[in-house]
Amino acid sequence: MNPWILTALILLACMVPCLMLCARGDAMSRLVGLEAGSTMAVMVLLVLAEGYHRVPFVDLALTLALLTYGAGLVFARFLEHWL
Amino acid sequence: MSARDVAVFVLLGIGVLGFLVTAVGFLLVRDFYEQIHYLAPSSLIGAVAIPAAVVVHEGLSQAGAKAILIGLLLFWANPVLSHATLRAGRIRRKRQWTPTADEEIPRAMESEK
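Residue numbers (our numbering), protein chains in the order written: chain E, 1 to 83; chain C, 1 to 113.
One or more hints might be untrue.
[Unchecked claim] Derived lysine to any residue pairs resembling SDA-like cross-links, with alpha carbons at most 25 Å apart:
#1 LYS94(C) - TRP82(E)
#2 LYS94(C) - LEU6(E)
#3 LYS94(C) - ARG77(E)
#4 LYS94(C) - ALA13(E)
#5 LYS94(C) - GLU104(C)
#6 LYS94(C) - ALA41(E)
#7 LYS94(C) - LEU48(E)
#8 LYS94(C) - TYR33(C)
#9 LYS94(C) - ALA71(E)
#10 LYS94(C) - LEU83(E)
#11 LYS94(C) - ASP31(C)
#12 LYS94(C) - VAL80(C)
#13 LYS94(C) - ARG24(E)
#14 LYS94(C) - PHE75(C)
#15 LYS94(C) - SER82(C)
#16 LYS94(C) - GLU34(C)
#17 LYS94(C) - PRO3(E)
#18 LYS94(C) - GLU80(E)
#19 LYS94(C) - LEU73(C)
#20 LYS94(C) - GLY25(E)
#21 LYS94(C) - LEU67(E)
#22 LYS94(C) - MET1(E)
#23 LYS94(C) - ALA84(C)
#24 LYS94(C) - TYR38(C)
#25 LYS94(C) - ARG30(C)
#26 LYS94(C) - VAL29(C)
#27 LYS94(C) - LEU66(E)
#28 LYS94(C) - HIS83(C)
#29 LYS94(C) - ASP26(E)
#30 LYS94(C) - LEU12(E)
#31 LYS94(C) - VAL24(C)
#32 LYS94(C) - ILE105(C)
#33 LYS94(C) - HIS81(E)
#34 LYS94(C) - ARG107(C)
[Unchecked claim] Pairwise CB distance ranges, derived in the manner of DEER restraints:
#35 PRO99(C) - LEU6(E): 43 to 49 Å
#36 THR98(C) - LEU6(E): 46 to 52 Å
#37 THR100(C) - ASP26(E): 40 to 46 Å
#38 VAL24(C) - PRO56(E): 21 to 27 Å
#39 VAL6(C) - LEU9(E): 43 to 49 Å
#40 ALA101(C) - PHE57(E): 53 to 59 Å
It should be emphasised that the hints constitute simulated quantities derived from the structure, not laboratory data. Backbone N, C-alpha and C fix where the C-beta goes; we use that ideal spot for every residue, glycine too.
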């Protein structure tokens with residue numbers, strides 16, 4: 001196991017509190033959990049691509065980072081006005 | 001073990017530490033406003049240190065350039081998302097963004113005069 005895979009495993013463990021927040025919190029806490037979990041998912045994809053020497057898979061992390069930003073803003077806007 | 005490997009280990013450790021602070025913080029605090037504070041260590045420390053480790057490991061190759069993009073994007077997005085989330089939460093609770101009539105806003109600059 002190289003350090004990249006180990007880092008990915010630790011980051012996956014760090015996602016558990018985010019999932020708990022998404023499952024049990026109120027609407028705004030769930031959004032906070034989603035944003036933190038998305039950041040962790042981006043990093044997991046990045047270190048897995050590096051750990052398995054699959055450079056093209058870094059695109060997945062980059063795409064998820066872009067989508068995370070848009071999704072967070074859209075969720076916040078909807079929770080602010082309509083949900 | 002070369003100096004580059006040591007730098008990668010250190011940067012990965014710093015990054016993991018940032019994410020651990022966020023995870024433990026979420027377990028400890030219950031208030032939404034406090035939870036938002038714990039977004040920062042993951043996005044500002046973790047999401048910069050881990051791409052930096054990739055850049056140190058790969059150099060300025062394709063993966064390194066994309067890692068820089070990811071780090072910059074997450075570093076820039078966190079304050080924007082935090083503000084948008086905080087604003088949404090306040091409007092949901094108070095029904096308005098501006099201070100309500102019964103709220104006392106401390107004005108430090110005026111009190112110092």
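Quick rundown of the hints versus the structure:
Taking the CA atoms of LYS94(C) and TRP82(E), the gap is about 15 Å. The hint holds against a cut of 25 Å. Among the hinted pairs, LYS94(C) with LEU6(E) is inconsistent with the structure: their alpha-carbon atoms are about 44 Å apart, more than 25 Å. Restraint check for LYS94(C) and ARG77(E): satisfied, since their Cα atoms lie roughly 16 Å apart, inside the 25 Å limit. A threshold of 25 Å between alpha carbons decides the hint, and for LYS94(C) with ALA13(E) the separation of about 35 Å lies outside it, so the pair is violated.
With a C-alpha separation of about 14 Å, the suggested pair LYS94(C) and GLU104(C) falls inside the 25 Å cut-off, and the hint holds. At roughly 33 Å between alpha-carbon atoms, LYS94(C) and ALA41(E) are farther apart than 25 Å, so this suggested pair is violated. Of the supplied pair hints, the one linking LYS94(C) and LEU48(E) is violated, its CA atoms being roughly 43 Å apart against a limit of 25 Å. Using a Cα cut-off of 25 Å, the hinted pair LYS94(C) and TYR33(C) holds, with the two alpha carbons roughly 14 Å apart.
For the hint pairing LYS94(C) with ALA71(E), the CA-to-CA distance comes to about 24 Å; that is within 25 Å, so the pair holds. Between the alpha carbons of LYS94(C) and LEU83(E) the distance comes to roughly 15 Å, so the proposed pair stays at or under 25 Å and holds. For a cut-off of 25 Å, the pair hint linking LYS94(C) to ASP31(C) stands: about 15 Å separates their Cα positions. Proposed proximity of LYS94(C) and VAL80(C) is supported: the alpha carbons are some 21 Å apart, at most 25 Å.
Under the criterion of a C-alpha separation no larger than 25 Å, the hint pairing LYS94(C) with ARG24(E) is consistent with the structure, at around 22 Å. Under the criterion of a C-alpha separation no larger than 25 Å, the hint pairing LYS94(C) with PHE75(C) is inconsistent with the structure, at around 29 Å. With a C-alpha separation of about 18 Å, the suggested pairing of LYS94(C) with SER82(C) holds against the 25 Å cut-off. For the suggested pair LYS94(C) and GLU34(C), the alpha carbons sit about 17 Å apart, so the restraint of at most 25 Å is met.
With a CA separation close to 47 Å, the supplied pair LYS94(C) and PRO3(E) exceeds the 25 Å bound. Under the criterion of a C-alpha separation no larger than 25 Å, the hint pairing LYS94(C) with GLU80(E) is consistent with the structure, at around 11 Å. The hinted pair formed by LYS94(C) and LEU73(C) fails the criterion: a straight-line CA distance of about 31 Å is larger than 25 Å. About 19 Å separates the Cα atoms of LYS94(C) and GLY25(E), which keeps this hinted pair within 25 Å; it holds.
Taken as a hint, the LYS94(C) and LEU67(E) pair is broken in the structure, with Cα atoms around 29 Å apart against an allowance of 25 Å. In summary, the hint linking LYS94(C) to MET1(E) is not supported, as the alpha carbons are separated by about 50 Å, beyond the 25 Å threshold. Restraint check: the Cα-Cα separation between LYS94(C) and ALA84(C) comes to about 15 Å, which is no more than 25 Å; the hinted pair holds. Between LYS94(C) and TYR38(C), the direct Cα distance comes to roughly 23 Å. Compliance with the 25 Å bound is thereby established for this hinted pair.
The straight-line distance between the Cα atoms of LYS94(C) and ARG30(C) is roughly 19 Å, inside the 25 Å bound, and the hint therefore holds. Taken as a hint, the LYS94(C) and VAL29(C) pair is honoured in the structure, with Cα atoms around 21 Å apart against an allowance of 25 Å. Distance restraint check for LYS94(C) and LEU66(E): the Cα-Cα separation of roughly 31 Å exceeds the 25 Å cut-off, and the hinted pair is therefore not satisfied. For a cut-off of 25 Å, the pair hint linking LYS94(C) to HIS83(C) stands: about 16 Å separates their Cα positions.
Restraint check for LYS94(C) and ASP26(E): satisfied, since their Cα atoms lie roughly 16 Å apart, inside the 25 Å limit. Annotation: proposed proximity of LYS94(C) to LEU12(E) is violated, straight-line Cα distance about 36 Å (limit 25 Å). Straight-line distance between C-alpha atoms of LYS94(C) and VAL24(C) comes to about 29 Å, which puts the hinted pair past the 25 Å bound. Between the alpha carbons of LYS94(C) and ILE105(C) the distance comes to roughly 15 Å, so the proposed pair stays at or under 25 Å and holds.
Restraint check for LYS94(C) and HIS81(E): satisfied, since their Cα atoms lie roughly 12 Å apart, inside the 25 Å limit. Note on LYS94(C) and ARG107(C): the hinted pairing holds, with a Cα-Cα distance of about 20 Å set against a maximum of 25 Å. The beta-carbon spacing between PRO99(C) and LEU6(E), approximately 48 Å, falls within the hinted interval of 43 to 49 Å. At about 48 Å, the CB distance of THR98(C) to LEU6(E) agrees with the hint of 46 to 52 Å.
Between THR100(C) and ASP26(E) the beta carbon distance is about 20 Å. The supplied range of 40 to 46 Å is therefore violated. As the Cβ distance of VAL24(C) to PRO56(E) is approximately 34 Å, the hint placing it in 21 to 27 Å is violated. The hint said 43 to 49 Å for the Cβ distance between VAL6(C) and LEU9(E), and at roughly 21 Å that hint is violated. Take ALA101(C) and PHE57(E): their Cβ atoms lie about 54 Å apart, and the range 53 to 59 Å holds.
The structure fails hints 2, 4, 6, 7, 14, 17, 19, 21, 22, 27, 30, 31, 37, 38 and 39 (numbered hints given earlier, in ascending order).
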